[in-house]
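Quick mapping for you: the protein sequence lines, in order, are chains A and B.
Here the first sequence is numbered in my numbering, starting from 1 and rising by one per residue.
Here the second sequence is numbered in my numbering, starting from 1 and rising by one per residue.
Because the hints were derived from the structure by calculation, they are not lab data.
Careful, some of the hints might be misleading.
[To be verified] DSSO-like mimics (lysine-lysine), calculated; alpha carbons at most 30 Å apart, straight line: (1) B:236 to B:2; (2) A:88 to B:110; (3) B:333 to A:110; (4) A:103 to B:327; (5) B:283 to A:2; (6) B:269 to A:80; (7) A:261 to A:213; (8) A:261 to B:110; (9) B:110 to A:327.
Because the structure is a prediction, the values reported are computed rather than measured.
Here is how the chains run, residue by residue.
Protein chains: 2
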Amino acid sequence: MKFVIQRDQLIASVQDVMKAISSRTAIPILTGMKIDVKQHGITLTGSDSDISIESYIPAEEDGIVHVENIEEGSIVLQAKYFPDIVRKLPENTVEIEADSNLKVTIRSGKAEFNLNGQDAEEYPHLPKLQTDSSFKINTDLLKSLIKQTVFAISTMETRPILTGVNLKLENKNLTFTATDSHRLASREIPVTDATIEFQSVVVPGKSLNELNKILDDTEESVEISVTNNQILFRTKHLYFLSRLLDGTYPETSRLIPEQSKTVIHANTKDLLHTVDRASLLAKEERNNVVKLATNNNQFLEITSNSPEIGRVAEEIAVQAIEGEELKISFSSKYMMDALKAIENDEVKIEFTGAMRPFIIRPADGEPILQLILPVRTY
Amino acid sequence: MKFVIQRDQLIASVQDVMKAISSRTAIPILTGMKIDVKQHGITLTGSDSDISIESYIPAEEDGIVHVENIEEGSIVLQAKYFPDIVRKLPENTVEIEADSNLKVTIRSGKAEFNLNGQDAEEYPHLPKLQTDSSFKINTDLLKSLIKQTVFAISTMETRPILTGVNLKLENKNLTFTATDSHRLASREIPVTDATIEFQSVVVPGKSLNELNKILDDTEESVEISVTNNQILFRTKHLYFLSRLLDGTYPETSRLIPEQSKTVIHANTKDLLHTVDRASLLAKEERNNVVKLATNNNQFLEITSNSPEIGRVAEEIAVQAIEGEELKISFSSKYMMDALKAIENDEVKIEFTGAMRPFIIRPADGEPILQLILPVRTY
Numbered sequence: 001m002k003f004v005i006q007r008d009q010l011i012a013s014v015q016d017v018m019k020a021i022s023s024r025t026a027i028p029i030l031t032g033m034k035i036d037v038k039q040h041g042i043t044l045t046g047s048d049s050d051i052s053i054e055s056y057i058p059a060e061e062d063g064i065v066h067v068e069n070i071e072e073g074s075i076v077l078q079a080k081y082f083p084d085i086v087r088k089l090p091e092n093t094v095e096i097e098a099d100s101n102l103k104v105t106i107r108s109g110k111a112e113f114n115l116n117g118q119d120a121e122e123y124p125h126l127p128k129l130q131t132d133s134s135f136k137i138n139t140d141l142l143k144s145l146i147k148q149t150v151f152a153i154s155t156m157e158t159r160p161i162l163t164g165v166n167l168k169l170e171n172k173n174l175t176f177t178a179t180d181s182h183r184l185a186s187r188e189i190p191v192t193d194a195t196i197e198f199q200s201v202v203v204p205g206k207s208l209n210e211l212n213k214i215l216d217d218t219e220e221s222v223e224i225s226v227t228n229n230q231i232l233f234r235t236k237h238l239y240f241l242s243r244l245l246d247g248t249y250p251e252t253s254r255l256i257p258e259q260s261k262t263v264i265h266a267n268t269k270d271l272l273h274t275v276d277r278a279s280l281l282a283k284e285e286r287n288n289v290v291k292l293a294t295n296n297n298q299f300l301e302i303t304s305n306s307p308e309i310g311r312v313a314e315e316i317a318v319q320a321i322e323g324e325e326l327k328i329s330f331s332s333k334y335m336m337d338a339l340k341a342i343e344n345d346e347v348k349i350e351f352t353g354a355m356r357p358f359i360i361r362p363a364d365g366e367p368i369l370q371l372i373l374p375v376r377t378y
Numbered sequence: 001m002k003f004v005i006q007r008d009q010l011i012a013s014v015q016d017v018m019k020a021i022s023s024r025t026a027i028p029i030l031t032g033m034k035i036d037v038k039q040h041g042i043t044l045t046g047s048d049s050d051i052s053i054e055s056y057i058p059a060e061e062d063g064i065v066h067v068e069n070i071e072e073g074s075i076v077l078q079a080k081y082f083p084d085i086v087r088k089l090p091e092n093t094v095e096i097e098a099d100s101n102l103k104v105t106i107r108s109g110k111a112e113f114n115l116n117g118q119d120a121e122e123y124p125h126l127p128k129l130q131t132d133s134s135f136k137i138n139t140d141l142l143k144s145l146i147k148q149t150v151f152a153i154s155t156m157e158t159r160p161i162l163t164g165v166n167l168k169l170e171n172k173n174l175t176f177t178a179t180d181s182h183r184l185a186s187r188e189i190p191v192t193d194a195t196i197e198f199q200s201v202v203v204p205g206k207s208l209n210e211l212n213k214i215l216d217d218t219e220e221s222v223e224i225s226v227t228n229n230q231i232l233f234r235t236k237h238l239y240f241l242s243r244l245l246d247g248t249y250p251e252t253s254r255l256i257p258e259q260s261k262t263v264i265h266a267n268t269k270d271l272l273h274t275v276d277r278a279s280l281l282a283k284e285e286r287n288n289v290v291k292l293a294t295n296n297n298q299f300l301e302i303t304s305n306s307p308e309i310g311r312v313a314e315e316i317a318v319q320a321i322e323g324e325e326l327k328i329s330f331s332s333k334y335m336m337d338a339l340k341a342i343e344n345d346e347v348k349i350e351f352t353g354a355m356r357p358f359i360i361r362p363a364d365g366e367p368i369l370q371l372i373l374p375v376r377t378y
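Construct the entire structure; sequences and hints are all you get.
In structure tokens, the structure reads:
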């Protein structure tokens, strides 16, 4: 096995694949990175058995040669040292060679690394998805869907299903929903080319976070395929496979109140900054809880009071307050997460009383929904 | 006590003073920040009893008004919340007021914080330095002196005196020296206006690191005063006081070999990067040790070999090798620290055999000296 590759190309692929490699794994060879060399290009593979990532570097693309002097073969390299070695090599090109004794030589300029490789035959075969049904969405849209929902997953293992994001594809609408049972985040987008439907796909939050890190913010499409225990995200040169969580995702639609008693229209950033300031004294003693009170349908007062530390109060002018006067307490952290997930300049918040969940949506009607359960203090 | 201040001015001073404040201190009031308000300006004070920092904001400076509506007085505020509050306030000006019950109000725009203050009378009086003898050096030069030596202090408490940097002022020359007994870093600069001399001033490395963070890279001068247990660094608006370490600093001059058997002239960055690459496989198993060998007075070979992981070798062309052939092993970390501390593009390295300390200096003759003890492996 032998090839000469552009260092920058190799660095980018190695970084992506490293996202799936853990130094703590029950299968020792999975601490390594597999390199498959073919005449048409190089494939790097990493896996922690929950997530598997393959990155492909074509030998030539759009008339640009990325890989040369190719002799086909495969090897598994210790992933612990490989990224640093590649990053610090002196020249723009790198030669990687493996002999029949699994000795790997990495050369660049006058620098030469000799590493002990492992037999690629011993690397587990990645499960190949047996499905023809898939759909496509734009990469930047997929990244938004992840960022606007994944923060709301549970970090507690008491209900493992809540550590994932629920994906539904029904009536040509794709919905991402996450909840930790104290708050909920969801977003829906149309998928015009969808020929399939599914309801109970739950992808581990960790997988989606890693996927979000790897994907570039482009309009190129991602192809998504689902089986009953795996999901595959595929771009031009990337293959990202994650296991799904077992179990039934709770029915969340009944949580969402259908009517409201108080409706507030506010500037998203102003409200975010006011809540942020009110939370400064609420962190420890008060478990992040702040209070919101409407005042004569003119402005909101947001306050927090920690007897040991002090009190903070701020009035904020809002576009409109309709309906009943309201006093409500909630987690400032949940509120800030929700407001950060809304891209619109203006938000609409619908309350149904101090003890009922309330809903935050962008004012432009985009189907993003953030739901927060209040805290009982008034 | 009351004043209105420009927020950016306050943020900068608070950040400086926070460097001296620790949440773990035997004296509870030292977890707070003292604010002294006079008609001419505001003084913020923080201290962990080892380091004390005062930052002064004049009411007016160069025709620009920083502080207004001044009512004199003092208060101690809980430092844990104060920096975040100031940083996140909505407007460019901040009003701070304390009443006779030690209640502090911080106002900016519509935001109002009410905090419990503490009586400034209970804040310990900072020791005032009883000395008239001081000298001045440029701030950027002081920062260089610190950065080029402080990394070589010991982090072990077995010989506490080595956790500090030794300052000597003799014959109008100021020398900073640090050693952990495996390597040594020193630099000397002329101080033309020095009317004092001292030899055994040892400043804790931690103090110098904090001072380096606070000082801006300017050519303005720092006034330095020394007593037998304290050192004061004073700029226009800053007062940085540190205790000195007790004990006698070891005589280090005898460590420095007076003659050499092999002399190498090399490009600083090339050598640094080569040693960095060679160290990649040496980190765990080999305790960072790499080998250097001269080759026919033409180039150096730098290698590292970890049986479990692999081997790395690199030839590096150097400007000149004079004297005996040499094979020597040393800590790559020490070598990289030393090379980073040398600002010149070219270094001169003087060896006196594989078992003797060697010296790295900038090729331009600047009196910076880095000494490293080799490791016995050949």
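Against the structure, the hints:
1. B:236 to B:2: 24 Å, holds
2. A:88 to B:110: Outside the cut-off at roughly 52 Å; violated.
3. B:333 to A:110: It holds: about 21 Å lies between the C-alpha atoms, which stays within 30 Å.
4. A:103 to B:327: Measuring from Cα to Cα gives roughly 27 Å; hence the hint holds.
5. B:283 to A:2: With Cα atoms ~27 Å apart, residue 283 (chain B) and residue 2 (chain A) stay inside 30 Å; holds.
6. B:269 to A:80: 25 Å, holds
7. A:261 to A:213: 40 Å, violated
8. A:261 to B:110: With a Cα-Cα distance of about 27 Å, the restraint between residue 261 (chain A) and residue 110 (chain B) holds, given a limit of 30 Å.
9. B:110 to A:327: Holds. Residue 110 (chain B) to residue 327 (chain A) sits at ~19 Å (cutoff 30 Å).
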